[in-house]
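Below, each chain spelled out in residue letters.
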Amino acid sequence: MVLQLHVWGPAFALPSIDAQCLAAIAYCSLALPKGSWELVASSDPSVSPTGELPALQNGAVWVSRFRSIVDYLRQYSKGAWDLDNQLDETSRADNIAFSSFIESRGQSLVDLYLYVTSQNYYGNTSPAYGNLLQWPNQWILPPKLHGAAKGRTEHLGLSSLDLQAMEDQRQRDHNAAVAAGKIPKNLIQRPRDTVSSFLGRTAQSNHFRIEALTGEFFEPLEAMLGKKAYLLAVDDGETPSSIDCVALGYLSLALVPDMSFPWLRDAMRAKAPLLSAYTERMRQRCFGDAPVEITHAFSPESAPVSPLTWRAPGRISVTAVGSTLLSTLADSTPFLREVRKNNALKKEAQSEDSGFSSTEKRAINAHAEASKKDMYVSIATVVGGIAVMVGYMMQVGLLPFSSGEEEEEEEAQETDFGGTDLSQLAAASRNL
Amino acid sequence: MPPKASEGPEQPSTASSFFTVPPPIKKLFDKFPLATYPANDLPQRSPSRRQGNQLFVFSDAAAARKGRPSFNPQCLKWQAYLKFVGIDFEVTPSNNHASPTGILPFLIPSQPIEVANAIPSHKLQKWAIEQVHCEEEQQLNLRFEVYASLLDSRVRNAWLYMLYLDAQNFDAVARRLYVDPATSNTLVRTTLALQLQQAARDELLKTSRYIDVAELESDAGNAFEALSALLGDDDHFFGRPNPGLFDASVFAYTHLILDESLGWKQNRLAQLLRGHPNLVQHREKLLRFFA
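Heads up: the protein sequence lines correspond to chains A and B, in order. First residue of the first sequence? That's 1 in full-length UniProt numbering, and the numbers climb one at a time after it. First residue of the second sequence? That's 1 in full-length UniProt numbering, and the numbers climb one at a time after it.
For the record, the hints were derived by calculation from the structure and aren't laboratory data. Virtual Cβ for every residue (Gly too), placed ideally from N, Cα, C. There's no promise every hint is true.
Here chain B is said to cover these stretches of chain A; the calculated rule only asks that three of the stretch's residues, wherever they fall, bring their Cβ under 8 Å from a Cβ of chain B [to be verified]:
1) 6-19
2) 22-29
3) 87-94
4) 218-226
Could you build all of it, start to finish, from the sequences and the hints given here?
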């Protein structure tokens, strides 16, 4: 049985645009014998029942997320396909700690670099997604990923990399100044900022913060690597471990892409020369010498000889398109979104191969039920509130009972407008 | 002339119709203010009455008076750190709304007394170093930040799930600690509880598409394993003679996970933690600072 690794497709001369996928590809390329696995650039999380990429498919079994894939491969091969079996206790601890470190810090930096930095997102990342996604995903997924990345990096206080957020903020300040009456209206001149003057300013104000963030990330890794060939190699050992794959995933996204505003690549080259050389070395070993083109993924016969075996993803079916459109619609409807979130948790628990014990399953189901109840409570609160308000308005006389003649009368006045709308709304939400 | 004399009294009456208030309203306003009360005293717990440094944390009044550990990991971390480096302070129960940054803990130092010098949590370490000239531990070992990320991501995520999203624990622990002291109004309590749970869920869904409980727990188990290996047979992390910031960060979670008095209903993390006796001992030793 040939294992299939489903990933986000190639971009920026790398086999995938996503760090976790790159890590999984690197792991398979190092641990699995060639020919026992192939790479599918499906670029659509909905192919996997878990709704996430990277996902490893072995017949009917699907495993997603890097660490679960590593665990599954070890069990499936009975310990043969395991890069970490040589590690002693200290190295094992380092392995866990460094992968947590790289995943949490590296993810923020990659998010900032590829998505939050506006000129990189609109100039490079968004077009790259446009090339590798099929209709209608190319219109739906990139904004979702963009929003998610912004959400993940909000706490870092670097939203000034995001030109659009800056513009919004300036607009608000501007309006506030007008509202406060500080400036007479006819004297206000909208300052015309060119992109370059904008960049000059934001680059300066962000400089210290970025400097600190990149320093915190690269320095421990550079010190850990030292002159060694791999992060955890003890005495010139030639065996990489899973931490090298995780590192490659995040570091190659920092180093390789040719971005409009390459602050992360510059920082990495300046602060961590050894790490940059190591990333380049690892990349050639895992992904092959030639840069990966997007055509390799879709027509595998054109691909040069490399450690990666591609398999063209299946054409997207009409039902898949329909379900994508439907789920997008459902996700943007307020109450349905909550229902779907809870169901996602529940479905996972009930599926056969999820590995939960029966008590855990019961606990998760109980939780999903509880949050569903919570949601019903909030719906009931809203409906009740509206009903009380409508009742009050009727009692006070703002909203008369609409018997025939009164209606005509009211139609002349515009006050009835809001009233009927409200009562209709209340009736509609009662039907929910 | 006589007409003029008669105009004299008339003039003020016409003016009064424009410039004076109508009598009934005037009568009403003559009664105000009904009474003027003296200004309230400052609350008993206000800073000016106390002498020492004051740390504002999530806690309840009785526990705060005895200096018991806070029930919030972030607060407990800094509370423990200040104790370990030997700074005297009093604990004041508080909540997010009291903090200038919206985040607890924060500290109001005894000297100098100014209004605007509350120290937020991210500047506490710098302040402590200025006060007692302890070491900045991050600089001493490159593994500090790396292993700290285990606590900030993996252990924290598992903690968020266990405390807020596990329905039984939420009702038994979080509701009692965070929701009930805030108000006695049932409606507000329900909203607050929903908000807390939603915030925890959003935080977990930031990094993944769905919440995988088994993975959260196995990640936390791995994290404990790594921390246990890092501690080894030493008394404190990184072989230091005295406990420091890293010990405080670990203690903040291990203490609360192992604390039976919180009344956990489901405590998978404690089972995982008990598999590493050196971490349990580490917690017990540090707990003596609070005795």
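Okay, the hints, checked on the actual structure:
1. Closer than 8 Å: that is the beta-carbon criterion, and the segment 6-19 of chain A has 0 residues meeting it against chain B, so the requirement of 3 is violated.
2. Interface restraint, the segment 22-29 of chain A with chain B: violated (0 residues with C-beta to C-beta distance below 8 Å; minimum three).
3. Counting residues of the segment 87-94 of chain A whose C-beta sits closer than 8 Å to any C-beta of chain B gives 5, which meets the bar of three, so the coverage hint holds.
4. With a threshold of 8 Å between beta carbons, the proposed coverage of the segment 218-226 of chain A by chain B holds, since 4 of its residues qualify and at least three are required.
When each numbered hint is compared with the structure, violations occur for hints 1, 2.
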